[in-house]
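Participant: Sequence:
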Amino acid sequence: MSVIITQGPSGGVCNRLEINDFIKDEKFFSLYVQALHLLQTRGTQNEDNPGSFFQVSSIHGLPYADWDGVPGQVPVDGKDHESGGYCSHGNVLFPTWHRPYVVLYEQMIQKFAKEVAATYTTHDRRAWIDAAESLRQPYWDWAANAVPPDEVIALREVAITGPHGKAMTVDNPLYCYKFHPIDPSFSSPYTHYKETLRHPTSENADATSDVAELKAELANNQSNFTSKTFNMLTRIHTWPAFSNHTAGDGGSTSNSIEAIHDDVHDIVGGDWGFMSDVAMAAFDPIFYLHHSNVDRMLSLWSALNPTIWITEGSSEEGTWTLPADTPINESTPLTPFRNGPDSYWVSSDVRDMAKFGYTYPEFNGLDLNNRPAVSDAIGEIVCKLYGGSVSGDNYDWTARIEFKKYEVGQSFGVYLFLGVPPEDEKQWGLAENYAGSHFAFVNSNAHQCANCISQADIVVEGFVHLNLPIAKLSGLGSLDPDVVEPYLTKELQWRVKKANGESVDLRSLEVSVYATPMSYNPAVSLNASPLSCEAIIRNVNDRKCGQDLFGFHSTTMPIVTTGPSGGAPNRLEINDFIKHDKFWSLYVQALHLLQTRGTQDDPGSFFQISSIHGLPYGDWDGVRGHLPEEGVQNEAGGYCTHGNVLFPTWHRPYVSLYEQMIQKYAKEVASAYLTPDRVVWIRAAEELRQPYWDWALNAVLPDEVIGLPKVTITGPLGNKITVDNPLYAYNFHPIDKSFVSPYSNYKSTVRYPTSTNAGATDNVALLKSTLAKNQADYTVKTFNMLSRIHGWPYFSNHTVGDGGSTSNSLEAIHDSIHFGVGGPNGHMTDVAMAAFDPVFYLHHCNVDRMLSLWSALNPTVWVTQGNSEDGTWILPADTPIDASTGSFIPLFFHEWVLTLIYPKTSALTPFRNGPDSFWASSGVHDTAKFGYTYPEFNGLDLKNISIVSDVIEAKVCKLYGGMVSGWPYDWTARIACQKYEVGQSFTVYFFLGVPPEDPAQWGLTNNYVGSCSAFVNSNAKQCANCIGQADIVIEGFVHLDLAITELSGLKSLNPDVVAPYLTKELQWRVKKTNGEAIDLRSLDVSVYATPMKHISANKFPQLGKPLLFPGITAGRSGGNSSVFSVPSGAPTPAGVPSVSSDVHSAQD
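Per my numbering, numbering through the sequence shown is continuous, rising by one, with the last residue being 1230.
Source of the hints: derived by calculation from the structure; they are not laboratory data. Note that this is a predicted model, so its numbers are computed, not measured. Keep in mind that the hints are not guaranteed to be accurate.
Claimed, not checked - Computed beta-carbon distance windows for the label pairs:
no.: 1; residue 1: 1159; residue 2: 794; range: 38 to 44 Å
no.: 2; residue 1: 846; residue 2: 805; range: 16 to 22 Å
no.: 3; residue 1: 816; residue 2: 846; range: 36 to 42 Å
no.: 4; residue 1: 756; residue 2: 683; range: 52 to 58 Å
no.: 5; residue 1: 389; residue 2: 133; range: 36 to 42 Å
no.: 6; residue 1: 1044; residue 2: 816; range: 44 to 50 Å
no.: 7; residue 1: 857; residue 2: 799; range: 17 to 23 Å
no.: 8; residue 1: 1087; residue 2: 1133; range: 34 to 40 Å
Built from N, CA and C at the ideal position, the CB exists for glycine as well.
Build the full structure now, drawing on both the sequences and the hints.
Facilitator: See the structure below:
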């Protein structure tokens, strides 16, 4: 008979998410709810179904039976067994045993999530399947969010998205587990309960969960959980003191992870609740959210103490398979969790989370092989997450609580108060003068467990940190011992309550009080003891003071582009970003401040940062450009590099600079929050990164970007507020005098403006329709760019040369997006105006993501030598450029100097990496250097470039490959033209059949195929290079297969079928940015068919040589003339049918 191997979920290493964030992910939450429902209900509770929820939960306690054939000890003295279950408590195996336990549960959840995802019939079915592959067990961070969301503890039913894409209301499997039937091993009151309960209203069968009491008690313990967690992570540096609740804290006056875990169990369960009883706890679904966070704490502590792992100890009370008082160590089997048919996991093998397919967000972007750097980064994160409760105190006043674990035969809690406690025991955890508590987490019926009797003398300990309640209740002005000791002598009181709600005198109880001095020396390190968060923060600020000084503009120092602080977390796709309440609320307020604070002359303002890209053509932050030529404002339109090999790398530090400024204001906003979870808002600001808009997957932007002038966010007081939407538009204050018509008329940025007058507004409906119509075009272009192009010149920019790929460069696709968003006379359509539209940065963040994906697929390729082509504000036209460093600041002389000295390097000006130096392409390859990554790279070892390449290839196929799967040929129209021929941006539109007469309908008509755009200044006379480089030729491609399949009725894509059809039906038109139709003299359209062989769903197609069909377009205006064509004339490749002598194989 086969057995269950605990191997974790499939799909690489993905983040476990905090439950509040997890719920916001529609796909994860919808799949999880359905998967957990199946796990809870499918099959029986019997031993022959070891993969059921009941049986997996029974591993932890009742009904005390062998699980999946893993035998326990022989029963002793008529008792059920030597101990209550397989679970390790009260010994050094506690953290490591529970790791594979949660992994086993996670594995089962994903199994059913995959099954559910396979039933989805929506248009984004693949995304649901991918979500199931990435789904991991969420964790509940009780130290930051003591009250779980209503979707866990309050709602019997929840709304999810079902397999047909519709919202549906279903029973909530997180609310409770329903027994079918109640197991005969259960004892009263659990024999009465038909489902798991929290804070049950009675001991009878009709009992329900008292949700209000549960929420109130958890909320009253927030500071208790937070301070205990922070002190545990920062003070304890030995495994025995960290791992379990038996007496011995190593002098830290801090709780072990198990002691904190015990408190959470009992407070969630309440009187006679399932979570309050070791034997019953795992039947409550919240158990796994709780233990996922316990496991996270193990990961954080291990990162802070990288040289420490499990030490030898005693099994103490023992387990189902482990006798009491047995020596245990890192080689002790963690039964019943198999790593093979005949072997079990041991502690020495479970340290690496990646082995089980998961990680936590705190580790994103960290090089786990660099232990000191990881320890520093995690220390900073821990401080910001949990350190606020202790920062500033010169003593830590702590009550140490010690007692015999099994004295009363069930779980119990010791409650501490400052002043007289309420008479009603039910009010103890809710009282105003409640100071904290510590619990014993045991079997409620100890007679079922021999070890609970034989080990009755086991002593456990815990700590309650008193500083916050002293500060809140005492009115004392100092925490010095001579002030506090008399106060505590008078006011400190305690009471004991059993799990059944009865108060009790505990004979073994011993309460003692300690005051631990805390130093504020900035040199204190994370591993010093005692520790304060302020010390850590000061230490961090000291190390980064130069970076912080230069990172934000002052009147004396230039702005250095460092990127945001706080490690390297994910940039998120805008649709996911909006669902994250804290990120979204902070971003909206931060962007508002960036846009409105100060004047448009401040180099750190939105206007000035945006002006780097174009108008008003001036020096930014003191980085001097060329001297103006007579009658021309400058040599080129701005600092931005377009049409050359620096295009992708120049825009990387540009987006990072913007992101850096956004985070600066987000931190300022977060510090103003006055909510109970203020520390979480501060953490969110630290993790906030610029979102990206994945136009290849979601062409239509969400309404929160393009449709709503006002948006709703959570404000600093925790209430919902409606504010102006800074993503909708930027309001000029004032309109800059350098702007020309129609931009000189617009008071704010516009997309698809309804006119060219001052009263113009956005035509949102037209914008949405146009983007939706281009979804397939964007997707196919993106997939082919990522899968076919392998040379930097062909990937990086839109000048002629595709390397035989018949695929668009990144810049060519970028150009089409600009035109698709801006529309006729919109800001995004004009190079000089585009960056004033806030959507520019969402767009370019995705351009940067494409650079990361392509680089992962082509790990040995980076910037090659090239020509500056039309030049920039600082880079002359026709200048050699490459990836070389910008290690010195260029020297520019004043106007009266006859000879100018230009930079000899290809510095990515104006982005400084120091006060006197600039970034260069050779230094911007690593995104972690700028403090971010993308979700596709989560969990990957970036040093293993071959594995990274394979994984990214599979992800690209899943994201974008569906529209090309199965086609034997890729039919492609190649467009070449002179970039500056018409003096403004323009677009070439393609159709199968006759296009509409009205140019406004070209991008919306049913027979529209796709387009390519030239993205230029609308007033080229402002730019000398736009005149001097008028002959620059650019190219782009429109892939025709999907349109042919949908519109032609043809049954084959073979050349002898398609070529005659395209000769007859393929047409094109050209429209300027002002909406006028024109004839483009330089236009050269040619058609290619590239043979394709499809290997698998996770691999890119193999390509043959492109076949040129000049006869399809020859003889027509803009048709193939070989003026800009790739040389042709090679014979038709073998195996490809020739339709006529008018077929050629394109040469590279």
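Participant: Okay, residue 1044 versus residue 816 on CB: inside 44 to 50 Å?
Facilitator: holds (48 Å)
Participant: Lying within 52 to 58 Å: is that true of the beta-carbon distance residue 756 to residue 683?
Facilitator: violated (34 Å)
Participant: Evaluate the given range 17 to 23 Å for the C-beta pair formed by residue 857 and residue 799.
Facilitator: Check failed, 40 Å falls outside 17 to 23 Å.
Participant: Starting from the range 36 to 42 Å, see whether the pair residue 389 and residue 133 falls in it by beta-carbon distance.
Facilitator: holds (38 Å)
Participant: Cβ-Cβ distance between residue 846 and residue 805: within 16 to 22 Å?
Facilitator: holds (19 Å)
Participant: Using the beta carbons of residue 1087 and residue 1133, state whether their distance is inside 34 to 40 Å or not.
Facilitator: Given about 25 Å between the Cβ atoms, the range is violated.
Participant: Could you see if the CB distance from residue 1159 to residue 794 stays within 38 to 44 Å?
Facilitator: Distance hint for residue 1159, residue 794 holds at roughly 42 Å.
Participant: Given the hint of 36 to 42 Å, is the C-beta distance from residue 816 to residue 846 inside that range or not?
Facilitator: violated (26 Å)
Hints 3, 4, 7, 8 from the earlier list are contradicted by this structure; the remaining hints agree with it.
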